[in-house]
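**Student:** What follows is the residue order along each chain.
Number of protein chains: 2
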Amino acid sequence: MARKKSADLERTKQDLLEVGLSLFEQKGFNATGIQEIATLTGIPKGSFYNYFSSKEDFGVAVIRYYTDINMERWSNSLDTATEKEDSYKALRMAFLAITEEYRCAKIKKGCLLGNLAAEISEASEECRLALQQSVNEYKTILAEHLLVGQQMGKVRSDLPAQCLADLVWDCWQGSLLRMKIEKSVEPVNNNLELLFHHMLLPPA
Amino acid sequence: MARKKSADLERTKQDLLEVGLSLFEQKGFNATGIQEIATLTGIPKGSFYNYFSSKEDFGVAVIRYYTDINMERWSNSLDTATEKEDSYKALRMAFLAITEEYRCAKIKKGCLLGNLAAEISEASEECRLALQQSVNEYKTILAEHLLVGQQMGKVRSDLPAQCLADLVWDCWQGSLLRMKIEKSVEPVNNNLELLFHHMLLPPA
Numbered sequence: 145m146a147r148k149k150s151a152d153l154e155r156t157k158q159d160l161l162e163v164g165l166s167l168f169e170q171k172g173f174n175a176t177g178i179q180e181i182a183t184l185t186g187i188p189k190g191s192f193y194n195y196f197s198s199k200e201d202f203g204v205a206v207i208r209y210y211t212d213i214n215m216e217r218w219s220n221s222l223d224t225a226t227e228k229e230d231s232y233k234a235l236r237m238a239f240l241a242i243t244e245e246y247r248c249a250k251i252k253k254g255c256l257l258g259n260l261a262a263e264i265s266e267a268s269e270e271c272r273l274a275l276q277q278s279v280n281e282y283k284t285i286l287a288e289h290l291l292v293g294q295q296m297g298k299v300r301s302d303l304p305a306q307c308l309a310d311l312v313w314d315c316w317q318g319s320l321l322r323m324k325i326e327k328s329v330e331p332v333n334n335n336l337e338l339l340f341h342h343m344l345l346p347p348a
Numbered sequence: 145m146a147r148k149k150s151a152d153l154e155r156t157k158q159d160l161l162e163v164g165l166s167l168f169e170q171k172g173f174n175a176t177g178i179q180e181i182a183t184l185t186g187i188p189k190g191s192f193y194n195y196f197s198s199k200e201d202f203g204v205a206v207i208r209y210y211t212d213i214n215m216e217r218w219s220n221s222l223d224t225a226t227e228k229e230d231s232y233k234a235l236r237m238a239f240l241a242i243t244e245e246y247r248c249a250k251i252k253k254g255c256l257l258g259n260l261a262a263e264i265s266e267a268s269e270e271c272r273l274a275l276q277q278s279v280n281e282y283k284t285i286l287a288e289h290l291l292v293g294q295q296m297g298k299v300r301s302d303l304p305a306q307c308l309a310d311l312v313w314d315c316w317q318g319s320l321l322r323m324k325i326e327k328s329v330e331p332v333n334n335n336l337e338l339l340f341h342h343m344l345l346p347p348a
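Same order as they appear, the protein sequences are chains A and B. Start counting the first sequence at 145; every next residue gets the next number (the numbering used here). Start counting the second sequence at 145; every next residue gets the next number (the numbering used here).
None of these hints come from the bench; they were simulated from the model. Owing to the predicted nature of the structure, the values given are computational and were not obtained by experimental measurement. One should not assume that every hint holds.
Stated by the list, open to error - Pairs of lysine-lysine residues, derived as BS3-like cross-links and limited to a Cα-Cα distance of at most 25 Å, are as follows:
#1 A:Lys228 <-> A:Lys199
#2 B:Lys252 <-> A:Lys171
#3 B:Lys157 <-> A:Lys283
#4 A:Lys252 <-> B:Lys228
#5 B:Lys157 <-> A:Lys253
#6 B:Lys228 <-> A:Lys327
#7 B:Lys298 <-> A:Lys171
#8 A:Lys252 <-> B:Lys233
#9 B:Lys233 <-> A:Lys199
#10 A:Lys171 <-> A:Lys228
#11 B:Lys199 <-> B:Lys157
#12 A:Lys252 <-> B:Lys298
#13 B:Lys157 <-> A:Lys199
#14 A:Lys189 <-> A:Lys283
#15 A:Lys233 <-> A:Lys171
#16 A:Lys283 <-> B:Lys252
#17 B:Lys298 <-> B:Lys253
#18 A:Lys253 <-> B:Lys253
#19 A:Lys199 <-> B:Lys171
#20 A:Lys199 <-> A:Lys189
#21 B:Lys228 <-> A:Lys283
#22 A:Lys253 <-> A:Lys149
#23 A:Lys252 <-> B:Lys250
#24 A:Lys171 <-> B:Lys157
#25 B:Lys171 <-> A:Lys253
#26 B:Lys228 <-> B:Lys298
#27 A:Lys253 <-> B:Lys250
#28 A:Lys171 <-> A:Lys149
#29 B:Lys252 <-> B:Lys298
#30 A:Lys252 <-> A:Lys228
#31 A:Lys199 <-> B:Lys283
#32 B:Lys199 <-> B:Lys233
#33 A:Lys189 <-> A:Lys149
#34 A:Lys253 <-> B:Lys228
#35 A:Lys298 <-> A:Lys171
#36 A:Lys327 <-> B:Lys283
#37 A:Lys171 <-> B:Lys233
To be verified - Which bits of chain B does chain A cover? Going by a derived footprint, with three or more residues having C-beta under 8 Å, they are:
#38 252-258
#39 267-276
#40 330-340
C-beta atoms are modelled at their ideal positions from N, C-alpha and C, and glycine is treated no differently.
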């Protein structure tokens with residue numbers, strides 16, 4: 145009985161995170177209310193606080209939830225591509241795969257990490273730290289693949305792989321902002337082309 | 145008498161824009177209320193609508209106001225630097241000057257255009273179009289300077305200046321997001337170094 149109750153609680157918590165993620169992606173943090181999250185999850189507003197102590201605490205959990213889901217998808221996508229191609233091409237293919245998803249989506253949500261960085265870094269120290277951790281995890285994987293690319297002679301090695309990873313990440317995030325205001329993935333595709341076919345290559 | 149009234153109206157409108165800009169930079173669009181804007185400007189909430197038909201209309205005006213102020217400052221900074229240095233160095237110096245302002249500021253507000261792109265592109269079509277226009281204006285100036293750099297042999301010319309300008313803009317915006325989550329201008333400085341001292345240069 146206790147086990148069933150615990151499973152129910154876990155299920156509701158998961159539902160809250162999914163609803164919260166969807167709303168944060170569509171409308172952002174501040175435009176999303178706890179009442180709305182609770183209603184869409186099918187629980188009374190007061191019960192929300194059985195799961196999360198505050199909206200900020202919830203924000204941190206959603207950032208973690210989003211990161212875990214997408215990190216796993218991205219890693220899988222990279223692993224699949226790495227079976228067929230070298231590490232550098234795999235990286236490019238993994239980025240192109242996400243871009244293709246954005247192209248097909250009517251609403252250009254972009255990346256939750258970038259969107260929340262813009263919106264709530266100043267307002268919530270806890271969320272800022274959660275964002276920092278998530279971004280660092282992504283950048284670590286990026287740097288690892290770029291380093292392998294350097295070792296294989298596919299990537300310029302006059303600059304540290306970590307610096308290149310930072311630049312690629314920032315370019316990606318910036319182009320997602322431009323995707324949102326242009327309602328087109330062209331900025332994202334153009335930057336990937338420039339980076340992976342020109343800027344990151346070793347001198348001819 | 146009518147002229148004084150008109151001047152008063154214009155003054156209040158300007159005050160509203162300044163207050164709105166400051167609040168949007170600190171807290172974003174959705175966390176800022178019309179009541180708060182009116183109170184800080186010293187007018188009743190109802191009077192707000194004598195100046196702007198809606199919060200969205202006000203958002204568009206603040207985007208324009210921010211762009212005009214910063215475009216003028218940036219152009220002046222570029223012109224001053226161009227008197228001393230070539231067009232390419234001047235561009236870098238103008239970016240470094242803004243970065244230095246960010247470094248000195250306790251609150252890392254970043255760029256209003258990027259922040260609002262993340263927050264309200266989906267929610268407000270009018271604001272999205274205003275953001276698009278502002279970003280295009282910046283990118284045009286960027287491309288002009290990069291083109292001169294290409295003509296002088298200071299910038300790689302295997303890629304169109306407009307593509308390079310897009311990449312620089314996106315990198316800049318991405319690094320400002322990271323500045324916000326790391327509470328440091330290091331990401332911005334590092335990217336400027338990578339771009340201006342490596343990526344944008346012609347092959348050695």
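**Student:** Against this structure, judge whether each hint is valid.
**Tutor:** Evaluated hints:
1. A:Lys228 <-> A:Lys199: violated (44 Å)
2. B:Lys252 <-> A:Lys171: holds (23 Å)
3. B:Lys157 <-> A:Lys283: violated (44 Å)
4. A:Lys252 <-> B:Lys228: violated (43 Å)
5. B:Lys157 <-> A:Lys253: Cα-Cα ~33 Å, so violated.
6. B:Lys228 <-> A:Lys327: violated (40 Å)
7. B:Lys298 <-> A:Lys171: violated (43 Å)
8. A:Lys252 <-> B:Lys233: Violated - the C-alpha atoms of Lys233 (chain B) and Lys252 (chain A) are around 36 Å apart, more than 25 Å.
9. B:Lys233 <-> A:Lys199: Measuring from Cα to Cα gives roughly 46 Å; hence the hint is violated.
10. A:Lys171 <-> A:Lys228: Judged against 25 Å, a Cα distance of about 38 Å means the pair is violated.
11. B:Lys199 <-> B:Lys157: holds (14 Å)
12. A:Lys252 <-> B:Lys298: Violated, because 37 Å separates the two Cα atoms, which is more than 25 Å.
13. B:Lys157 <-> A:Lys199: Violated, at about 35 Å.
14. A:Lys189 <-> A:Lys283: Judged against 25 Å, a Cα distance of about 37 Å means the pair is violated.
15. A:Lys233 <-> A:Lys171: The given pair, whose Cα atoms are some 34 Å apart, is violated under the 25 Å limit.
16. A:Lys283 <-> B:Lys252: holds (22 Å)
17. B:Lys298 <-> B:Lys253: violated (32 Å)
18. A:Lys253 <-> B:Lys253: holds (22 Å)
19. A:Lys199 <-> B:Lys171: holds (16 Å)
20. A:Lys199 <-> A:Lys189: holds (12 Å)
21. B:Lys228 <-> A:Lys283: violated (38 Å)
22. A:Lys253 <-> A:Lys149: violated (35 Å)
23. A:Lys252 <-> B:Lys250: violated (32 Å)
24. A:Lys171 <-> B:Lys157: The given pair, whose Cα atoms are some 28 Å apart, is violated under the 25 Å limit.
25. B:Lys171 <-> A:Lys253: holds (20 Å)
26. B:Lys228 <-> B:Lys298: OK: Lys228 (chain B) and Lys298 (chain B) at ~16 Å, within 25 Å.
27. A:Lys253 <-> B:Lys250: Roughly 30 Å between the alpha carbons, so the hint for Lys253 (chain A) and Lys250 (chain B) is violated.
28. A:Lys171 <-> A:Lys149: violated (32 Å)
29. B:Lys252 <-> B:Lys298: violated (32 Å)
30. A:Lys252 <-> A:Lys228: Not satisfied, since the Cα-Cα distance of roughly 30 Å exceeds 25 Å.
31. A:Lys199 <-> B:Lys283: violated (38 Å)
32. B:Lys199 <-> B:Lys233: With a Cα-Cα distance of about 40 Å, the restraint between Lys199 (chain B) and Lys233 (chain B) is violated, given a limit of 25 Å.
33. A:Lys189 <-> A:Lys149: holds (19 Å)
34. A:Lys253 <-> B:Lys228: violated (43 Å)
35. A:Lys298 <-> A:Lys171: Roughly 40 Å separates the two Cα atoms, so the pair is violated.
36. A:Lys327 <-> B:Lys283: holds (17 Å)
37. A:Lys171 <-> B:Lys233: Since the Cα atoms of Lys171 (chain A) and Lys233 (chain B) sit roughly 40 Å apart, the hinted pair is violated (cutoff 25 Å).
38. 252-258: holds (count 4)
39. 267-276: Per the Cβ count (4), the hint holds.
40. 330-340: holds (count 5)
Against the hints set out earlier in the document, violations occur for numbers 1, 3, 4, 5, 6, 7, 8, 9, 10, 12, 13, 14, 15, 17, 21, 22, 23, 24, 27, 28, 29, 30, 31, 32, 34, 35 and 37.
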